[in-house]
Amino acid sequence: MQSRTFYNEILTEHNIHPIHKTKMIEPQKSLRGVNPSCGDDITLQLNVSEDGTITDGAFFGDGCAISQASADMMLDLVIGRSVEEAMSLKDTFLKMIKDKITEEELEMLEEAGALKDISHMPSRVKCAVLGWHTLEEMLKGGDSESVSTEDQ
Amino acid sequence: MSFDIEKVRKDFPFFAAEEKKIAEGGTPLAYLDNSATSQRPRQVVEAVADYEYYHNSNPFRGLYDLSIDATERYEAARTKVAKFINARADKEIIFTRNASESLNLVAYSLGEMCLKEGDEIITTVVEHHSNMLPWRLAAKRYGATVKYLECEKDGSFSLDSFKSLLTNKTKIVAMTAMSNIFGRIIDVKSFAAAAHEVGAYFVADGAQSVPHSKTDVQDLDIDFLSFSGHKMLAPMGIGVLYGKQELLEKMPPFLSGGEMIEYVTFDDITYAELPHKFEAGTVNACGAVGLAAAIDYLESIGLDAIEERELELTRMALDGIKAIPHITVLGSDDAEEHHGILTFKIDGVHPHDIAAIIADANVAVRAGHHCAEPLHHFIGIPSTTRASLMFYNTEEEVQRLLDVMKQIRPMMGYPD
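Protein sequences, first through last, are from chains A and B.
No gaps in the numbering here: position 22 of the first sequence is 26 in the numbering used here, and each next residue is one more.
No gaps in the numbering here: position 251 of the second sequence is 252 in the numbering used here, and each next residue is one more.
Fair warning: there could be bad hints in the mix.
What the hints assert, rightly or not - For the chain B half of the interface with chain A, some residues (derived, Cβ under 7 Å), not all of them:
#1 H351
#2 H353
#3 D354
#4 P383
#5 M412
#6 M413
#7 G414
No wet-lab data here; the hints were simulated from the structure.
Quick caveat: nothing in here was measured; it's all calculated off a predicted structure.
No residue lacks a Cβ here, since even glycine has one placed at the ideal position from N, Cα and C.
Work the whole structure out from these sequences, hints included.
So, in structure tokens, the structure goes:
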């Protein structure tokens, strides 16, 4: 039987000791993302400078280890990058989740690559992509107040 | 009566099929999600098959022998259910799809009969959504209000607190006889008596209690009782509403259509006698036959022996869980107040992760809010994990649950 659990050290560390799980005081952007079926619920916050660089970010909320660690690893990766780079990393992450990623692309995801095996666990995919999906909606600059992975 | 687990396990083809996996190097599923639905013994499935193969026709409709035979089997099932819960008459038993439909029926019809603006309905914070939402909707229709009785930490209710909520405006009290989270059996007899003192009707939700403990509606003096067949070995799609005859007779119908009428003209309708007034359309005859077979099965073991067996398993599980650090079981510390239901939280681990790890060990439990979301808001826990045991479970299955529960925090990166 295919294992449905893979709580490796990178993932549990980001879940128990997240670096970016906090509330920013006056974030420029804030967007809530939810997985209605399993209850994962995060709010992502970002500051983006005039030249399009993500200068700061945080998230808070409640959810399973995969949703929380994934959001934390995502922020690790995108803070300090341009919006375009962040969107490109989002595409790379989604490719990984669909199990169609090259070794080179996997390296670009740094620790977020620890979620690679999620591609074999359909029931946990929504947990892993929640942060990225919320980031995408936020950077696209829509005016929605929250996003759900079940709208896709 | 002594309990023979070997014999019981053989009655359930599911377990034999799972145990075959051992020879192939696999692990059988330890099915510990019985409060969601039970497994089915051969005797039930064979009774359903026998009806479907040899006795099927539309009950009440035909004048030929086969239809009369189907009618008799369906009505014999009703008699069986009536005796099982000690109803005064067969016509006090209404077959429905499930407990939810039973509660919707009584909320709709009793609501129409007795609710008006300013009236009050009392329910509790522990209710399954099926015994809360129909009452909220009924209250909204008539401008009534819903008041909630709070529970204690051990899952019990204070009769004094309940009495302080009762007023002369209280028309209906709807309360579970056993919470699907705490597993505690509630002394509905005292609560019903207090409700009756102010002239309110008392509706008990027996979906969890009826399969696990002897129920006597006359002794309890409750006005209505709902339960589902599928939680007590019968197929899905058959449920029961018990109601006192004098109330059911006064209540307007719920669903309308075939077989629930006496005369229909373009201007007028005369409704059928009980219980048919509440059973519109073609009935679930094979489901009713399956439920009767399930009752026969439960009674062949004996409800007392079932309760005793489930207490043994519950005690083993509860003692085992108490020995694991960082796990809290909701409700009483006493195994006798759990009836197989152990709902728990593990510090620092989300229930979705708990359920995934337990599922990976091929143990079936449930994670989430178990259709009792308001209770989770009340106790301030977003969601929980629930193991629910039934008499046919084994000590080995309980041990497998305990073994995997011990591993969860270490797997999630905690030192203990």
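Tested hints:
Interface hint status for H351/B: upheld, as the beta-carbon distance to the closest one in chain A is roughly 4 Å, under 7 Å. Interface restraint check for H353/B: the shortest CB-CB distance to chain A comes to about 4 Å, inside 7 Å, so the restraint holds. The beta carbon of D354/B is positioned within 7 Å of a beta carbon in chain A (closest approach about 5 Å), and the interface hint is therefore held. At about 6 Å, the closest approach between the beta carbon of P383/B and any beta carbon in chain A falls short of 7 Å, and the interface hint on this residue holds.
At its closest, the beta carbon of M412/B sits 5 Å from a beta carbon of chain A; the interface hint therefore holds under the 7 Å criterion. Hint on M413/B holds. Least Cβ distance to chain A is approximately 5 Å, under the 7 Å limit. Checking G414/B against chain A: minimum C-beta separation of about 3 Å stays under 7 Å; hint holds.
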